[in-house]
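A.B. asks: Residue numbers (our numbering), protein chains in the order written: chain A, 2 to 112; chain B, 114 to 236.
Calculated directly from the structure, the hints in this document are not laboratory data.
Hints are not guaranteed to be accurate.
Lysine to any residue pairs mimicking SDA-like chemistry, simulated, CA-CA at most 25 Å apart [claimed, not checked]:
no.: 1; chain 1: A; residue 1: Lys18; chain 2: B; residue 2: Thr172
no.: 2; chain 1: B; residue 1: Lys156; chain 2: A; residue 2: Ala45
no.: 3; chain 1: A; residue 1: Lys108; chain 2: B; residue 2: Glu159
no.: 4; chain 1: B; residue 1: Lys191; chain 2: B; residue 2: Arg202
no.: 5; chain 1: B; residue 1: Lys167; chain 2: A; residue 2: Lys18
no.: 6; chain 1: A; residue 1: Lys18; chain 2: A; residue 2: Ser65
no.: 7; chain 1: B; residue 1: Lys156; chain 2: A; residue 2: Ser3
no.: 8; chain 1: B; residue 1: Lys156; chain 2: A; residue 2: Ala99
Residues per chain are reported as follows:
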Amino acid sequence: QSVLTQPPSVSAAPGQKVTISCSGSTSDIGNNYVSWYQQLPGTAPRLLIYENTNRPSGIPDRFSGSKSGTSATLGITGLQTGDEADYYCGAWSSGLNAVYVFGGGTKVTVL
Amino acid sequence: EVQLVESGGGLEQPGRSLRLSCTASGFTFGDYGMSWVRLAPGKGLEWIGFIRTKNYGGTAQYAASVKGRFTISREDSKSIAYLQMNSLRTEDTAVYYCAGSRSGWGFDAFYIWGQGTMVTVSS
Numbered sequence: 002q003s004v005l006t007q008p009p010s011v012s013a014a015p016g017q018k019v020t021i022s023c024s025g026s027t028s029d030i031g032n033n034y035v036s037w038y039q040q041l042p043g044t045a046p047r048l049l050i051y052e053n054t055n056r057p058s059g060i061p062d063r064f065s066g067s068k069s070g071t072s073a074t075l076g077i078t079g080l081q082t083g084d085e086a087d088y089y090c091g092a093w094s095s096g097l098n099a100v101y102v103f104g105g106g107t108k109v110t111v112l
Numbered sequence: 114e115v116q117l118v119e120s121g122g123g124l125e126q127p128g129r130s131l132r133l134s135c136t137a138s139g140f141t142f143g144d145y146g147m148s149w150v151r152l153a154p155g156k157g158l159e160w161i162g163f164i165r166t167k168n169y170g171g172t173a174q175y176a177a178s179v180k181g182r183f184t185i186s187r188e189d190s191k192s193i194a195y196l197q198m199n200s201l202r203t204e205d206t207a208v209y210y211c212a213g214s215r216s217g218w219g220f221d222a223f224y225i226w227g228q229g230t231m232v233t234v235s236s
């Protein structure tokens, strides 16, 4: 059972838009930045979004992030077959001993 | 080229130990906080732990699932981070990734990832 809650899967046709939700608590998302990671089949994860909304260099602007309260959302527009992957949200959880928590992951399928 | 390369994975029996290494290149390793993350078969990403930079004392934090069994250390002169895994359990079977954060203190995203090394715990 992951600390952050994501839908197991989302799907859409090429060119369409998908959104992935990530729900947490005041301990994690509510008081810390959210990051998003993409893991293509058989490859290592890569950072897509950091500090809720920012994209590292090289990440296309088709990917966007937002946060409100204890929830965050990843949006992917202009869906491509190459976007088929697992997507994870993550955040630090504040407390006496800080830990990092991931969502359970969302499989994006391009129909 | 900015790169992290893990090594040391393999097959080990329950109760035994294994040490993974993460060798960095292309960036100033000593300025980066380093984490270990694993992906077990059929599961999602799980954060294992993080080690701060020497500027912040080089201390480490761990997930509850590995605390007391796993230890993260770093050797900045060699640009290597280590994950010492003791008292291995079958549920530790996973691909292990190291990841680098720009903040030496923590509370930062994982900007750089290695390609992963497979650890299988089985009798």
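A.B. asks: With reference to the structure, classify each hint as holding or not holding.
C.D. replies: Each hint tested on the structure:
With a CA separation close to 42 Å, the supplied pair Lys18 (chain A) and Thr172 (chain B) exceeds the 25 Å bound. Proximity of Lys156 (chain B) to Ala45 (chain A) is assessed by CA-CA distance (about 14 Å); at most 25 Å being required, the pair is judged to hold. With a CA separation close to 16 Å, the supplied pair Lys108 (chain A) and Glu159 (chain B) stays within the 25 Å bound. Restraint check: the Cα-Cα separation between Lys191 (chain B) and Arg202 (chain B) comes to about 30 Å, which exceeds 25 Å; the hinted pair is violated.
Restraint check for Lys167 (chain B) and Lys18 (chain A): not satisfied, since their Cα atoms lie roughly 44 Å apart, outside the 25 Å limit. Of the pairs offered as hints, the one joining Lys18 (chain A) and Ser65 (chain A) holds, with about 11 Å between alpha carbons and a cut-off of 25 Å not exceeded. A threshold of 25 Å between alpha carbons decides the hint, and for Lys156 (chain B) with Ser3 (chain A) the separation of about 10 Å falls inside it, so the pair holds. A distance of roughly 23 Å separates the Cα atoms of Lys156 (chain B) and Ala99 (chain A); the hinted pair therefore holds under the 25 Å criterion.
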